[in-house]
Amino acid sequence: MSNRIPADMPPGEYEDEGRERLSYMIGLALALALTTAAFAVVWLDLLSGGAALAALGGLALIQAVVHLRYFLHIDLQRSHRDDLLLILFTVLILIIMVSGTIWILYDQHIRMMP
Amino acid sequence: MNWELIFGQIKWTSFVFAGMIENPSLSEAIASGAGSIAVLGALATVVLLTVKGWWVPLWRDWLTSIDHKKVGIMYIAIALVMFARAVIEAALMRAQQLSATDSGGFLSADHFGQLFSTHGTIMIFFVAMPFITGLMNYVMPLQIGARDVSFPLLNAISLMLTMAGAILIMVSLVVGQFSTGGWSAYPPFTGIEFSPGEGVDYWIWAVSLGSIGSTLTGLNFAVTIYKKRCPGMTLFRMPLFTWTTLCTSILMIFAMAPLTAATAMLALDRYAGFHFFTNGDGGNMMNYANLFWLFGHPEVYILILPAFGVWSEVVATFSSKRIYGYTSLVYATMCIAVLSFAVWLHHFFTMGQSANVNAMFGIATMVIGVPTGVKVYDWLLTMVGGRIRFTTPMLFHINFLLTFILGGMTGVLLANPGIDFQVHNTLFLVAHFHNMIIPGVLFGMFAAVQFWFPKMFGFRLHEGLGRASFWCFAPGFLLAFFPLYWLGLMGATRRTYMWTDPDYLPWLALAMAGAALILAGFALMVAQIVVSVRQRAQLAAPLGDPWDGRALEWSIPSPPPEWNFAVLPQVTARDAFYEAKKAGTAYRSPAAYADIEVPRNTATAPLIGLFACAWAFGLVWHIWWLVVVSFVLIWAVVIARSFQTDTEETVPAATVKAANEAFLAAARATPGVSREREMTSDNRGRALPEGLEGRAGPASPGAAVEVLP
Amino acid sequence: MSLSERLHPGLNLAGTDPESHVAAEEVLFGFWIFLMSDLVLFAVLFATYAAMSVQGIAEGPGPAQVFDLTAAFLETLLLLLSSFAFGFAMLEMKYRESRRGVLAWLLVTGVLGAAFVGMELHDYYVMITQHAAPPQASGFLSAYYLLTGTHALHVSSGLVWMAIMAIQVTVIGLNTPVKLRLMRLALFWHMLDVVWIGIFTFVYLFGVAS
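Sequence lines, in order, name chains Y, L and C. So in full-length UniProt numbering the end of the first sequence lands on 114, straight run, no missing numbers. So in full-length UniProt numbering the end of the second sequence lands on 709, straight run, no missing numbers. So in full-length UniProt numbering the end of the third sequence lands on 210, straight run, no missing numbers.
There's no promise every hint is true.
Said to hold, decoys possible - Some but not every residue of chain L turned toward chain C, in silico, with C-beta under 8 Å: (1) Met-265; (2) Leu-268; (3) Phe-276; (4) Asp-281.
Bear in mind the hints are in silico, worked out from the structure with no lab data behind them. Quantities reported herein were computed from a predicted structural model and do not represent experimental measurements. Yeah, the Cβ is synthetic: ideal placement off N, Cα and C, and Gly gets one too.
Let's have the full structure, built from the sequences with the hints guiding it.
Structural data, given as C-alpha cells:
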C-alpha cells in the first residue's frame, strides 16, 4: 500500500507496524501483570480489610488506563482532544452518579431499623 | 387449543368496550369513548389516506425518507397528536376533581389513576421530547450549514422507535389498562404484587422505546455539531439554539442510561421475580427513586435547554438586535447542563436520608438558579434599546419571562428541604413543575412553531389567530395553575381523585376555568394552522427570510431543497446571514456548483419501528412467539441493511444550479419588506435589514463569491 | 484539517488508507459516544451492585460463599487474550488488507470470547444448582446476575456481530464500510474488556476480600 501514503504523514508511531504490534504486546504484558497482582492480593492474603480494597481499586484503575492507552490508543496528544474530553466528562458523570448513589443508599441504609 | 400460546394474556375482557358492557358507568363510558376515538381516529385516517390516494406519497415521501427536515416535521406531528390526547386528559382530571368533593365524582379511582399516569408519561415522553427533538432535527443542521445530520438513517430509526412507543400508548386505550403508578412509576406499587395487570408493562416498554430513541438522537446530534459544521463555523460562532441543542444532546447521551437501567430492573422484578425493588428479600425500592431521578432531573433540562435556545433566537430576531451576552449565555448553558447531574436527590428529600445529604443537594439545586438568572438578564437586556415587534412568538417570550421567574422562585423554595417536607406531594409541587414546563418548554415550542413554520412550509401562520391563541393560553395557564399553589399550601395532595374539604372548591373551579381556556387556545392553534393552509397564497414567503433572520437557515429558500445548501456556506462571524445582508453580500451566486450526494429513501427505519412496536406489544401481553419473531426481524432488517451498498444517489450540479439560481434571481428581484409590513402579504420572505430601509430596491447580483473545493 | 489531526480512538488508518481514515472520523466519534453512553449504563449497574451486595443479601448466600475466583481469573485471561487477538486482526487489516489474516485472527478472538461466555454460563449453572443462588434468591444476587449478565450479553452480541463481519469480509472484502465496521467492533470489544476489569475487581475480588 506504499503508493497510497499521503504527503501529510501522521507521526510515525501510528504508521509503523512493528511499533503498533509492540504497543499491543506491552498492553498485554502490563494487563497480565496487573491482573495477576490483583488476584494475588486476595489469594495470598497479602493485604486485608481496607488496605486490600484500596490496593485492588488502585490496580483496577491502572489497568483501565493501560487498556485505554495500549488497546484503544487514547493518549494525551492534542489530536485526540475531542475523545479525551469526552472520556474525562464521562468520568466526571460516572463519579457523580456512582458516588452519589452509593452515598445516598448507604446513608438511608444505616438509618433504617435493623 | 391453548389460546394463551397465541394471544398471551389478552382476553375478550381486555378490550376497553367489555368494561362498558359488563359494568356500565359514566367512568367506563368515558374509557370506551376514548377507546372509540382512538379506533375511529385510526379508521378515519385509513379511509382518508385511501380516498385521497395518499398511501403511496405517505410511504414514499415521508415514512421512508431519512431527510432530517422531514424527520423533524414527523416528530412534531407526533407531538401535536399526543398533545391533543394528553391535554384532554388534563381537562378530564380537572373536571373530576371539581366534581368530587365529598362524592366519588364521575370517574372511578382506577380510571383517574390511569389518567394522571398517561397524562404525565405522554406529556414528557411523547409530547415534549418529540417536540424538542423534531425542532432540533429541523433547525440545527440548517443553522450550522450542513446538508443533513451525521447519521440520517439512525435519525429515522430514532423517530420510528419514538413513534412505536407513542402507538403502544395509544393501543393501551383500547386493549387493556394503562399503569396507575404515575409517570414516575415508583415501586413497590408498580411491582407485580400490587400492580399485577398489564398497565405497568405498557409504561415500561413505551418509555423504553422512547428513551432508546432519545439516546440515539443525542448521539447523532452531538456528532453532527462536532463534525459537520460548515467552514468557518467555529463553536463560538454557532447560533444559540445550536448551542443548546449540543448541551441537550450531551444530556441525552448520559441521562437516558439510568432510565433504561431502572426500567430494565423493574421489568426483571415483574417478569422474572428478581428483587431489585421489592419489599422483602433484599430489594430496595429507594434505589428506584434514585435511578429514576438520575435520569429525571437531567431530563427536565433536556426539555428546557432547547426552549432556552428558541427564546434566544426569538428575542434577538424580534428585537432586531444582537443577542446580549452571547458568551455568558453559552457558559450558562454549559453550567446548567453539568449541574443538572448533581441535584437529583431533591426529588426525594423526604425519603429518609440524613439532613447532611439533603442539605448538600438542596444547595446544589439553588446554585442552578444562578446561571438561569444570568440568562433571564441577557434576554431582558437584549430587548433594551431594540426595536421590539410584538409578534406571537415575542408575546410568548415576554409571558415566559414573567411566569418562568415566578416558577423559578417556587423552585428555590422547594429546594429548601425544610419547606419541601411541608409541601411535597401536594398540588404546590404540581403547580411548580407545570409553571416551569408550560411557559418554558411548551410555549417555547409553540413560539418556535410560529417562528420556523414559514421556513418549513414556505408560508407564514395567520398572525391574528396566533395572537388569539396566545391570549387564551397565557391567562389560561395562570388560571389553571396558580390556584394549585394555594391549594397545595392548604394541604391538597396530588394525584387525589376525591376531596372532603369544601374550601378547595372555589380554587378548583378557577383551575377548571383555566383548563377550559387552555383547551380554547389549543383549538385556536389548530384553527390557525387550518386557516393558514387555506390562505397559503396570501401568506406565502418562499424567499426564506420573513422575519429578518440572523442565522444561516434564513438564507435558503422556504421550504429548503433536499440538499439544504447548494454550496456549503463560508462563515466569518456570528449571525452570519444578518451580517451578509448588512454588508450587501447576501443572495450572491456562487462561482461554481458541484454534484451533491444525498441518501436514498429506505424502508429500514419504518420496518424497525413496526417490529419494535410488535415486540413491545408482545412483551406487554406475554405473547412470546411475537416477542421472539419481532426481535429476530428487527435485527434481520439491520443486518440486511448492512449488506446494502447502493445507499446514496447523486443530484447533478446542473439541477442544483438551476434551482439555486432561480431562487437567487427571485430574491434579488423582489424588493425587501420593512418590519412595519412584516405581517402583510407584501412579505414574500425577502427582508430589509433594520437600518437599511433606504435601500428598498432590488439587490445587485454583485460579484460571484468564492467557492470552497 | 491534516490527517494527523483526525486521529480517533483505536487503530488509525491514516498511513495506509487515507480515504477510509477520513471517512472514519465521524463514524468512530459517533461510536465512541455510544460507548460512553454504554459505560454510564454499566456504571449505574455497578452502583446498584455496590449497594445491594452489602445491603441486599437478606436470607440468601453472601458473595464470598458463591464466587469462584479461579473461574473469574480464567475468564479474565480469556477475555484479555481475545482483546489482544482482535488487535492483531486489525493489524492484518491495516498493513496487509489480507482477508485470510483478518479472518484467522477473528476466529481466534471469537473462540476465546465464546469460551468466556461458556465459562460464565457454567458459573451461573454451578451457582444455581450447587449454592442455591438463583437471581430470585436476594437483591444481591439479582444485582449480580444483572451486572454480569449485561456484560455477557454484550460479549455475546459482539460474537454475533463478529460472525456477520466474518461473512462480510469474505463476501464483500475489505472495503471502506467493512473496515469501519471492524474498527467499531474493535472499540466495542476492547471496551468490554475495560468493563470486565471493573467486574473482576469490584464484584469478585472485593466480594471475596471483604
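Here is how each hint holds up against the structure:
| no. | hint | verdict |
| --- | --- | --- |
| 1 | Met-265 | holds, 7 Å |
| 2 | Leu-268 | holds, 7 Å |
| 3 | Phe-276 | holds, 5 Å |
| 4 | Asp-281 | holds, 5 Å |
Going through the hint list in order, the structure satisfies each hint without exception.
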